[in-house]
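Sequential numbering from 2 applies to the sequence shown in this note's numbering.
Any given hint could turn out to be false.
[As the list claims (entries may be wrong)] 20 Å max Cα-Cα, derived DMTMM-like pairs, lysine to aspartate or glutamate: (1) Lys-227 <-> Glu-184; (2) Lys-351 <-> Glu-249; (3) Lys-174 <-> Asp-188; (4) Lys-50 <-> Asp-28; (5) Lys-297 <-> Asp-376; (6) Lys-198 <-> Asp-116; (7) Lys-351 <-> Asp-414; (8) Lys-227 <-> Asp-284; (9) Lys-298 <-> Glu-287; (10) Lys-50 <-> Asp-299; (11) Lys-227 <-> Asp-299; (12) Lys-198 <-> Glu-347; (13) Lys-297 <-> Glu-241; (14) Lys-297 <-> Asp-244; (15) Lys-223 <-> Glu-176; (16) Lys-119 <-> Glu-184; (17) Lys-351 <-> Asp-418; (18) Lys-223 <-> Asp-299; (19) Lys-41 <-> Asp-376; (20) Lys-227 <-> Glu-249; (21) Lys-198 <-> Glu-287; (22) Lys-223 <-> Glu-249; (23) Lys-223 <-> Asp-164; (24) Lys-195 <-> Asp-299; (25) Lys-297 <-> Asp-330; (26) Lys-298 <-> Asp-376.
Calculated from the structure, these hints are not laboratory results.
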Amino acid sequence: MAVIRPSFNINDMETGEQFAHTMRSLDLNIPIAPDSCMLKKEAEVYGRKLQNSIVIQPMEGLDASADGSPGPLTFARYSNFARQGAGTIWFEATAVTSDGRDSLHQLWLNAGNADSFKGLVNYVNEISMESHGFVPYKILQITHSGRCSVDAIGRPRPLAVSDNPYLDLALGKAEIVSDEYLENLRDSMIGAAKLAKYAGFDAVDVKLCHQYLLKETLCAYKRAGKYGGSAENRFRLAMEIIDGIRQELGHSLDIAVRLSAYDSLPYPYGWGMVQNPGVMKDDTAEVDLLLDELGKKDVELVNITTFEPRFAPEGLGYMADFLDDAEIDPYRGAAHLLQATRRLRENHPKIKFVCTGLAWFAQFAPLVGSGGIRDGWFDLAGFGRNVLADHGFVPRVLGGGSPDSNSLCLRCDRCYDMFLRDIPTGCPVHDPFYKLIDRMDRSSGEHCPEHDTQGSVL
2 MAVIRPSFNI NDMETGEQFA HTMRSLDLNI PIAPDSCMLK KEAEVYGRKL
52 QNSIVIQPME GLDASADGSP GPLTFARYSN FARQGAGTIW FEATAVTSDG
102 RDSLHQLWLN AGNADSFKGL VNYVNEISME SHGFVPYKIL QITHSGRCSV
152 DAIGRPRPLA VSDNPYLDLA LGKAEIVSDE YLENLRDSMI GAAKLAKYAG
202 FDAVDVKLCH QYLLKETLCA YKRAGKYGGS AENRFRLAME IIDGIRQELG
252 HSLDIAVRLS AYDSLPYPYG WGMVQNPGVM KDDTAEVDLL LDELGKKDVE
302 LVNITTFEPR FAPEGLGYMA DFLDDAEIDP YRGAAHLLQA TRRLRENHPK
352 IKFVCTGLAW FAQFAPLVGS GGIRDGWFDL AGFGRNVLAD HGFVPRVLGG
402 GSPDSNSLCL RCDRCYDMFL RDIPTGCPVH DPFYKLIDRM DRSSGEHCPE
452 HDTQGSVL
């Protein structure tokens with residue numbers, strides 16, 4: 002894994018002005034407001050009012066029951082999110098097929114467990130109403146894990162739409178799925194959207210990001226057949242899914258997309274990159290083309306991300322993560338992603354954009370989120386690990402205060418390490434319950450109490 006080598010120590014910064022000056026001196030210009038007041042601003046998507054401009058980002062907890070339904074720890078995590086008071090909760094990646102899960106503990110929505118998801122939605126609504134007097138806008142991210150998929154007993158079984166030597170090196174040689182497989186996946190996605198509507202979600206996210214299967218169709222330049230080659234073919238599966246949902250549900254269920262702005266892998270294996278083989282540089286041309294098509298389908302909400310915000314599309318890009326001696330500056334990567342979000346929003350003013358990567362700005366994350374909304378870089382500020390680490394993050398920020406310095410996300414990746422070890426995932430630094438899970442998993446002979454919520458501080 003790459004060595005994180007920041008260009009400055011953000012913990013040495015005492016004021017937003019000092020932080021902004023440092024970023025400018027490094028030519029990493031990002032919007033930084035003097036306060037977080039813009040996060041309190043009401044917003045609107047699909048004609049629905051959002052109580053504020055904060056989005057809790059999708060974060061997998063790996064705490065589902067064997068049949069893919071939400072487990073006790075899932076309910077505990079989302080009760081924390083509901084108590085925070087964000088206007089929008091973007092629910093985590095949820096598989097739509099049994100072979101599309103990245104873990105046997107990943108959520109999987111199917112006809113046999115839709116009532117359990119309905120129970121989770123009702124639980125979130127009740128807690129939010131009791132705590133804040135409103136229900137949040139709720140988006141379910143439906144997906145297929147692609148190269149991160151596992152088989153029926155939990156062993157890796159990477160599935161992909163096209164050969165990719167970079168990702169083969171990083172994630173293992175993948176099995177290339179057929180057009181028929183993708184057509185069946187299309188039908189499963191449409192079916193999952195109908196179940197999400199039944200469960201009470203306001204929207205589904207047709208997930209087109211990271212290294213997952215649907216997103217890989219966007220850069221299937223070398224694939225033959227109707228889902229590869231031309232832009233029309235590479236966009237086809239996403240458009241068929243959206244059209245199918247509309248045909249089944251009309252506009253009774255909103256459709257959102259979490260979209261990678263670029264891959265930090267060179268063409269012809271990376272999406273959103275200059276179409277010059279081997280060149281590590283992003284290019285929004287095809288991203289803009291896709292957003293034009295999404296706009297024609299009445300997709301009004303897009304959450305911009307990339308493989309990981311810390312990796313900029315320059316130098317080694319994403320592949321730095323698989324070289325022990327590689328060094329990266331995460332602030333350069335996070336700033337680049339915010340700047341890409343700004344460019345896309347400028348080009349598509351009818352779409353509402355959510356930003357990603359704010360956790361890297363630590364105590365100044367609310368100021369960057371507020372500044373981005375003020376300056377028109379994005380419409381909604383997405384917070385992920387910040388909320389996982391600090392159970393009072395959103396109410397403190399909405400109340401005009403600063404994040405608790407004792408509960409700040411340390412950007413240490415220990416939550417991600419738990420995810421990679423396939424155990425229930427939370428913040429093992431600030432949450433005593435997940436600290437216990439982490440310690441017990443690391444200790445020989447002990448077992449993780451993955452379905453025991455007693456003692457959880459969530």
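*Would you pick out the hints that fail for this structure and give their numbers low to high?*
Going through the list in order, the structure violates hints 2, 3, 4, 5, 7, 8, 11, 12, 16, 17, 18, 20, 21, 22, 25, 26 and respects the others.
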